[in-house]
Amino acid sequence: MSATPRGEEREVKNIGGASIDGAPVAYIVVLAAVVTALAFIPFSVVMASGGSFPMNQGIFGLIGWVLGPIAGAVSSGIGALIGVFVAPHTAGVWFVTVIGAIVTSFAAGVMGTKNEKRKSWWIGVVVVTVIAFAIYVGRALLVNGIRLQWAILATFVNWSSLLLFILPTRNLVAKWIGSKNLVLVAVGLALGTWISFGIAHTVQNAFTYTMFNWPEEIWVMLSSVIPIEFISRCAIGAVIGTGVIVGLRAIGLVKPTEAIY
Amino acid sequence: MSDIIACLENVSYQYPRSIEPVLSEINLSIQKGEFFGLIGPTGAGKTTFCCALNGIVPQFYGGRFFGKIEIAGLDTLEHPISVLAKHVGQVFEDPETQLIATSVENEIAFALENLKVPREEIIRRIPRVLEMVRLEGTEKKHPAELSGGQKQRLAIAAALAAQPDLLILDEPTSQLDPVGADEVFSTVSELNKELGMTILMCSHASEEMAEYATRIGLLSNGSLLSVGTPEEIYADIPLLINNNLRVPQVASTFYSIKQKNIPVSIPVRLEEGKKVLTELITKKTQLTTPDLKDELVHKEGQPLIQIKDLEHTYPDGTKALHGVSLDIHTGEYLLVIGQNGAGKSTLVKHFLNLLKPTSGTVVINGIDSKKLTVSALAANIGYIAQNPDNQIFNMTVWDEVSFALKNLKFSKQEIETRTEESLKSMGLYEYKDRHPLSLPKGDRARVVIAAILAMEPDTIIFDEPTTGQDFRGAHYILDISRKLHEMGKTVVVITHHLYLMPDYAERVIVMGKGTILLDAPIRQAYFDTEKLNSTYLTPPQAVLLSIKLSELTGEAYCLLTPAELASVFTTNGGAA
Numbered sequence: 001m002s003a004t005p006r007g008e009e010r011e012v013k014n015i016g017g018a019s020i021d022g023a024p025v026a027y028i029v030v031l032a033a034v035v036t037a038l039a040f041i042p043f044s045v046v047m048a049s050g051g052s053f054p055m056n057q058g059i060f061g062l063i064g065w066v067l068g069p070i071a072g073a074v075s076s077g078i079g080a081l082i083g084v085f086v087a088p089h090t091a092g093v094w095f096v097t098v099i100g101a102i103v104t105s106f107a108a109g110v111m112g113t114k115n116e117k118r119k120s121w122w123i124g125v126v127v128v129t130v131i132a133f134a135i136y137v138g139r140a141l142l143v144n145g146i147r148l149q150w151a152i153l154a155t156f157v158n159w160s161s162l163l164l165f166i167l168p169t170r171n172l173v174a175k176w177i178g179s180k181n182l183v184l185v186a187v188g189l190a191l192g193t194w195i196s197f198g199i200a201h202t203v204q205n206a207f208t209y210t211m212f213n214w215p216e217e218i219w220v221m222l223s224s225v226i227p228i229e230f231i232s233r234c235a236i237g238a239v240i241g242t243g244v245i246v247g248l249r250a251i252g253l254v255k256p257t258e259a260i261y
Numbered sequence: 262m263s264d265i266i267a268c269l270e271n272v273s274y275q276y277p278r279s280i281e282p283v284l285s286e287i288n289l290s291i292q293k294g295e296f297f298g299l300i301g302p303t304g305a306g307k308t309t310f311c312c313a314l315n316g317i318v319p320q321f322y323g324g325r326f327f328g329k330i331e332i333a334g335l336d337t338l339e340h341p342i343s344v345l346a347k348h349v350g351q352v353f354e355d356p357e358t359q360l361i362a363t364s365v366e367n368e369i370a371f372a373l374e375n376l377k378v379p380r381e382e383i384i385r386r387i388p389r390v391l392e393m394v395r396l397e398g399t400e401k402k403h404p405a406e407l408s409g410g411q412k413q414r415l416a417i418a419a420a421l422a423a424q425p426d427l428l429i430l431d432e433p434t435s436q437l438d439p440v441g442a443d444e445v446f447s448t449v450s451e452l453n454k455e456l457g458m459t460i461l462m463c464s465h466a467s468e469e470m471a472e473y474a475t476r477i478g479l480l481s482n483g484s485l486l487s488v489g490t491p492e493e494i495y496a497d498i499p500l501l502i503n504n505n506l507r508v509p510q511v512a513s514t515f516y517s518i519k520q521k522n523i524p525v526s527i528p529v530r531l532e533e534g535k536k537v538l539t540e541l542i543t544k545k546t547q548l549t550t551p552d553l554k555d556e557l558v559h560k561e562g563q564p565l566i567q568i569k570d571l572e573h574t575y576p577d578g579t580k581a582l583h584g585v586s587l588d589i590h591t592g593e594y595l596l597v598i599g600q601n602g603a604g605k606s607t608l609v610k611h612f613l614n615l616l617k618p619t620s621g622t623v624v625i626n627g628i629d630s631k632k633l634t635v636s637a638l639a640a641n642i643g644y645i646a647q648n649p650d651n652q653i654f655n656m657t658v659w660d661e662v663s664f665a666l667k668n669l670k671f672s673k674q675e676i677e678t679r680t681e682e683s684l685k686s687m688g689l690y691e692y693k694d695r696h697p698l699s700l701p702k703g704d705r706a707r708v709v710i711a712a713i714l715a716m717e718p719d720t721i722i723f724d725e726p727t728t729g730q731d732f733r734g735a736h737y738i739l740d741i742s743r744k745l746h747e748m749g750k751t752v753v754v755i756t757h758h759l760y761l762m763p764d765y766a767e768r769v770i771v772m773g774k775g776t777i778l779l780d781a782p783i784r785q786a787y788f789d790t791e792k793l794n795s796t797y798l799t800p801p802q803a804v805l806l807s808i809k810l811s812e813l814t815g816e817a818y819c820l821l822t823p824a825e826l827a828s829v830f831t832t833n834g835g836a837a
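Sequences listed follow chains A and B, in order.
The numbers in our numbering rise by one with no breaks, and the one at position 250 of the first sequence is 250.
Just remember that our numbering sits 261 ahead of the position in the second sequence, which is counted from 1.
FYI, nobody ran anything at the bench for these hints, they're computed from the structure.
Everything numeric in this text was worked out from a predicted model, so none of it was measured.
Check before you lean on any hint, since a few could be wrong.
Partner residues are not named here, just some residues of chain B that face chain A (Cβ under 10 Å, in silico) [claimed, not checked]:
no.: 1; residue: E286
no.: 2; residue: F321
no.: 3; residue: Y322
no.: 4; residue: P341
no.: 5; residue: R695
no.: 6; residue: P697
Distance condition first, Cα-Cα at most 27 Å in a straight line; then the derived DSSO-like pairs of lysine-lysine [unchecked claim]:
no.: 7; chain 1: A; residue 1: K180; chain 2: B; residue 2: K673
no.: 8; chain 1: B; residue 1: K536; chain 2: B; residue 2: K774
no.: 9; chain 1: B; residue 1: K809; chain 2: A; residue 2: K180
no.: 10; chain 1: B; residue 1: K569; chain 2: B; residue 2: K536
no.: 11; chain 1: B; residue 1: K347; chain 2: A; residue 2: K13
no.: 12; chain 1: A; residue 1: K117; chain 2: A; residue 2: K175
no.: 13; chain 1: A; residue 1: K255; chain 2: B; residue 2: K774
no.: 14; chain 1: B; residue 1: K519; chain 2: A; residue 2: K180
no.: 15; chain 1: B; residue 1: K519; chain 2: B; residue 2: K347
no.: 16; chain 1: B; residue 1: K792; chain 2: B; residue 2: K535
no.: 17; chain 1: B; residue 1: K580; chain 2: B; residue 2: K377
no.: 18; chain 1: A; residue 1: K114; chain 2: A; residue 2: K13
no.: 19; chain 1: B; residue 1: K610; chain 2: B; residue 2: K774
no.: 20; chain 1: A; residue 1: K13; chain 2: B; residue 2: K377
no.: 21; chain 1: B; residue 1: K521; chain 2: B; residue 2: K545
no.: 22; chain 1: B; residue 1: K685; chain 2: A; residue 2: K13
no.: 23; chain 1: B; residue 1: K580; chain 2: B; residue 2: K569
no.: 24; chain 1: A; residue 1: K114; chain 2: A; residue 2: K255
no.: 25; chain 1: A; residue 1: K255; chain 2: B; residue 2: K693
no.: 26; chain 1: A; residue 1: K13; chain 2: A; residue 2: K175
no.: 27; chain 1: A; residue 1: K255; chain 2: B; residue 2: K401
no.: 28; chain 1: B; residue 1: K610; chain 2: B; residue 2: K744
no.: 29; chain 1: A; residue 1: K180; chain 2: B; residue 2: K693
no.: 30; chain 1: B; residue 1: K521; chain 2: B; residue 2: K536
no.: 31; chain 1: B; residue 1: K521; chain 2: B; residue 2: K744
Reference excerpt, derived from the structure (chain A facing chain B, CB under 10 Å, subset only) [claimed, not checked]:
no.: 32; residue: L182
no.: 33; residue: L184
no.: 34; residue: I251
No residue lacks a Cβ here, since even glycine has one placed at the ideal position from N, Cα and C.
I would like the entire structure built from these sequences, with the hints used as guidance.
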C-alpha cells in the first residue's frame, strides 16, 4: 500500500468455515467431482490388472499440490471411490484404485510443503514406497523367478520415481510449480506427476502383483508399455494442471494453506 | 448505537497479490431501516464493500484488512461467515449465478437447511417470503421457467428467508429490462418501507436510486467521497461527472438550464422535475424553437439484410417470431428495443444462421442465408452476445482477441497488428496478459468486443452491450459503435437503456411478443409512448419532460436529451 492506513491491521483468518487441513471443503468437493468425472474417460487399452486406466490418474498429483497432502488425499480418495462405482469400466481393482489416488495426492502434497512441521513427512513416504517396492520386486525375483533385467526394466517408473523423490528434485518440482514462468509450471507438473504417481504405482503393485503374479512375458511387455502410460499421465497433469493453476492464480480465490501454486 | 446495523471504522482492504487497496479509509454507519444506495464507477470497490459486510472479504479472499466492521454488533473478522449470514443477506448481479435448486421452494429452503432451521419453520417461511416478492403460486416451478425479473426476485426471496437485518443487493437490475428492474426496485422499496428492512443497494440506475434511496454514498477508487441524501448527491452534477457517474436526466436537464443563469432548483426525481418545469412555464420563461439535427435518410438499393415473413418456433414450442419483415441497408445504425422475450435476440441470431427460420426468408447480401454457412457469415457479421462470459475461453486477453484471427489463417504480423489495435481501441492493452475472467464484467464485455473488432466485420451486432457497464464504459462502447458506423459499417444495437441511444442510433425497431410494433426514426419512436408502453419500455426522463413541456405550452417539443431540452430555455426574459 502506498500510504499506511489509519485502521489497525487485523489478522485475516477463515473462522469456522468448513475446511480440512486448511483447504475449504468446497474445493475438496469440487476437485473430488472432477476426479469422478474424469474416471469415465479411459486413457489406455492396457494395464497390468487387465483394464484401462482412467484420465483422473493424471490429476491426482495436481490435487495434492492445490490442496496439500491431507486434503488432497481426501479429495482424490473420495473422487476415485465414487468413480469406481459410477465408472467401473476404468476401475480395475477398486481398493487399489482408491489407494493409488490417495497415495499420489499425499506424495505430491508432501513434495513441496512449506510447513516446517511436515518437512520430514517425505521420509515416511519413502519408507512405505521402499517396503512396497521390496514386496513387489522381491516377490517377482524370489518367488516367481522373474529375471533381474526384466524386473529392472519393467519397474523403471517405480525406482526412477523413488530416486527423484529422494533427491532434491522433489523440491525443485515444487519450486517450478510455484514459478511465474508457465513453461516451468508445466514441466514441474509433468515431472511431478511422474514422481508422485510412480510412488503410488509402486504401492499399488505391491497389492496387484501379490494378487495376480503375472508371468515374465507380461513383465517384458510392461517394460515398454508402462513408461508410455506414464508419459500420457504426465501430459494430462501438465495440460490440465497448467490451466487450473493459471485460472486459480488469476481469479485470486483464497489459497488452501498447504497449496504450493 | 442500537439503531446502527452496520458500522465501518477506518476500513482499508487489499486483495492478495494486489499492490493498491481496493477499499481505503472508509468510515460509515448505516442505520436500521435505511435504504442506503452505494454508487460509483466500475472498479470503485462496490462489490468488495458489499462482500466485506458479510465477512466474505477478507475471510474467503484473504489479503490485508485494516480497521473494523461491525454488523449487528458482530465484528466481521471475529465471527464466521455462517453466523454473519444470519444478519446479512446478499443478492448478486446475475440471478442465473445464484439459483441452484430445481424448484422455487427448494431454492428458498436451501439456505435455511444450511442454517439448520427446523423443517416446519422452513415450510412456514417459504410462502411468506414468496408473498413478499410477489411470486406466490410459483412454488413448484423450476427457476429456469421464471423471467429475469422474477429470477432476481426469487434470489431476493431466498435471501429474505433467512430473515437478515441487512439486505445487500449488488447491481440487482443491470441484467433486467425496465419492467423487471421496476419489479425489483418496487419490491425492495416495499420491504424497506413496510417491514423496515435495512437495504444496501449498489446500482448504476441513477433515476431509480434517486427515487427510492434515503441516503447515497459515492465510492470512488475505494474511498467514500461523499455521503448524503439523493438530493445532495444527485444535484451535485460536477461531482458525478468527475467520477464518471450518470446524472439522472431530470437533474441534468435543470442543471443545464441553471447554467444559463435561469434561477431554478435542481430536482432529482421526475415528478419534482415536472413541478419545477411547470413553475418555469408559469413564470413565463422564454422558450425558443430547438435547432434539431438529424432525421432519417431513407436508403435506396438492395438491402444488406432482407427479412421476409420470418417465423421462428423453438423446439419447446415457444413461438418467438411471428411474420417479421425488415430491410436493413448498408451503413445504417439500427436500434432494436423491446421487453425481455420480445424476440430481439432471436431475430438477430437469424442474421448469422445461429438460428434457422421456421418459415420465411433471411437474405444476406442477396443470398438466401440457408445457402450460407455460419463461418462464412461470421467473417462479415460480428455478433457480440449478451453475456460476455459465454464467449470467453482463452487464458489471456491477448489470446482471446487473437483467437479468431489465428483460425482464419492471418499472417503472424497481421494478427499482432490487429490484436494490438483492437485492444488499444477498447482500452484493454494494459490487461493483455491478464486472464479474461479476472477482469470486471464491464471489461470482459470489452474483451469480447475487441475480439470481434479484430476481425473487421462489415456488420456488427451488439446485443445488450452496456449491461453491467458504468456510464463511462457504456459510452466508451457506444462511441466505438459510432466510429464503426462513421466508417461505413452497419451497426445493430439491442438495448434496454434507451437514455443512452439518442446520440447514436438513427432508426428504431420496437419489438413486442415476436412482432415489429414500430419501425421509425428515433425521434418518432421515443415519442410513441403508447407503443413503448405496450412492450414494457419507459421513455427516458428527458422525453417525458418534453411531453410535459408540450402539454404546458401547447406546442410540440420532440426533445430526446437533457441538452436538447435545456436548449429550449433562453436567458432573456428568464424567470425572476
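The hints, checked one at a time:
1. Against a cut-off of 10 Å between C-beta atoms, the interface hint on B:E286 holds, since the closest Cβ of chain A lies about 6 Å away.
2. Interface hint at B:F321: satisfied, since its Cβ lies 5 Å from the closest Cβ of chain A, which is below the 10 Å cut-off.
3. A cut of 10 Å between beta carbons decides the hint on B:Y322: the least distance to chain A is about 6 Å, and the hint holds.
4. For the restraint placing B:P341 at the interface with chain A, the shortest Cβ-Cβ distance is roughly 3 Å, inside the 10 Å limit, so the hint holds.
5. Of the supplied interface hints, the one on B:R695 holds, with its beta-carbon coming within about 7 Å of a beta-carbon of chain A, less than 10 Å.
6. For B:P697, the shortest C-beta to C-beta distance to chain A is roughly 9 Å, which falls under 10 Å, so the interface hint holds.
7. Of the supplied pair hints, the one linking A:K180 and B:K673 holds, its CA atoms being roughly 26 Å apart against a limit of 27 Å.
8. Pair hint B:K536 plus B:K774 does not hold up; C-alpha atoms about 36 Å apart against a cutoff of 27 Å.
9. Restraint check for B:K809 and A:K180: not satisfied, since their Cα atoms lie roughly 62 Å apart, outside the 27 Å limit.
10. For the hint linking B:K569 to B:K536, the alpha-carbon distance of about 47 Å lies beyond 27 Å, and the restraint is violated.
11. Between B:K347 and A:K13 the CA atoms are separated by roughly 20 Å; this keeps the pair inside 27 Å, and the hint holds.
12. Note on A:K117 and A:K175: the hinted pairing holds, with a Cα-Cα distance of about 19 Å set against a maximum of 27 Å.
13. In summary, the hint linking A:K255 to B:K774 is not supported, as the alpha carbons are separated by about 48 Å, beyond the 27 Å threshold.
14. For the hint linking B:K519 to A:K180, the alpha-carbon distance of about 56 Å lies beyond 27 Å, and the restraint is violated.
15. A threshold of 27 Å between alpha carbons decides the hint, and for B:K519 with B:K347 the separation of about 48 Å lies outside it, so the pair is violated.
16. Only pairs whose Cα atoms come within 27 Å are accepted, and B:K792 paired with B:K535 is accepted, the gap being roughly 22 Å.
17. Distance restraint check for B:K580 and B:K377: the Cα-Cα separation of roughly 44 Å exceeds the 27 Å cut-off, and the hinted pair is therefore not satisfied.
18. For the proposed pair A:K114 and A:K13, the alpha carbon gap of about 18 Å is at most 27 Å, so the pair holds.
19. Distance check on the hinted pair: B:K610 and B:K774 sit about 17 Å apart at the alpha-carbon level, within 27 Å; holds.
20. With a C-alpha separation of about 24 Å, the suggested pair A:K13 and B:K377 falls inside the 27 Å cut-off, and the hint holds.
21. This hinted pair checks out: B:K521 and B:K545 have alpha carbons roughly 16 Å apart, not beyond 27 Å.
22. Using a Cα cut-off of 27 Å, the hinted pair B:K685 and A:K13 is violated, with the two alpha carbons roughly 40 Å apart.
23. Of the pairs offered as hints, the one joining B:K580 and B:K569 holds, with about 17 Å between alpha carbons and a cut-off of 27 Å not exceeded.
24. At most 27 Å may separate the alpha-carbon atoms for a hinted pair to count; A:K114 and A:K255 meet this at roughly 14 Å.
25. For the given pair, A:K255 sits about 24 Å from B:K693 by alpha-carbon distance, which is consistent with the 27 Å threshold.
26. Between the alpha carbons of A:K13 and A:K175 the distance comes to roughly 26 Å, so the proposed pair stays at or under 27 Å and holds.
27. For a cut-off of 27 Å, the pair hint linking A:K255 to B:K401 is broken: about 39 Å separates their Cα positions.
28. Our distance criterion of 27 Å between C-alpha atoms is met by B:K610 and B:K744, whose separation comes to about 23 Å.
29. With a CA separation close to 16 Å, the supplied pair A:K180 and B:K693 stays within the 27 Å bound.
30. Under the criterion of a C-alpha separation no larger than 27 Å, the hint pairing B:K521 with B:K536 is consistent with the structure, at around 19 Å.
31. The straight-line distance between the Cα atoms of B:K521 and B:K744 is roughly 32 Å, outside the 27 Å bound, and the hint therefore fails.
32. Nearest Cβ of chain B to the Cβ of A:L182: about 9 Å, under the 10 Å cut. The hint holds.
33. Here the hint on A:L184 is broken, as its CB sits about 16 Å from the closest CB of chain B, past 10 Å.
34. Interface restraint check for A:I251: the shortest CB-CB distance to chain B comes to about 6 Å, inside 10 Å, so the restraint holds.
In terms of the numbered hints stated before, the structure departs from hints 8, 9, 10, 13, 14, 15, 17, 22, 27, 31, 33, listed from lowest to highest.
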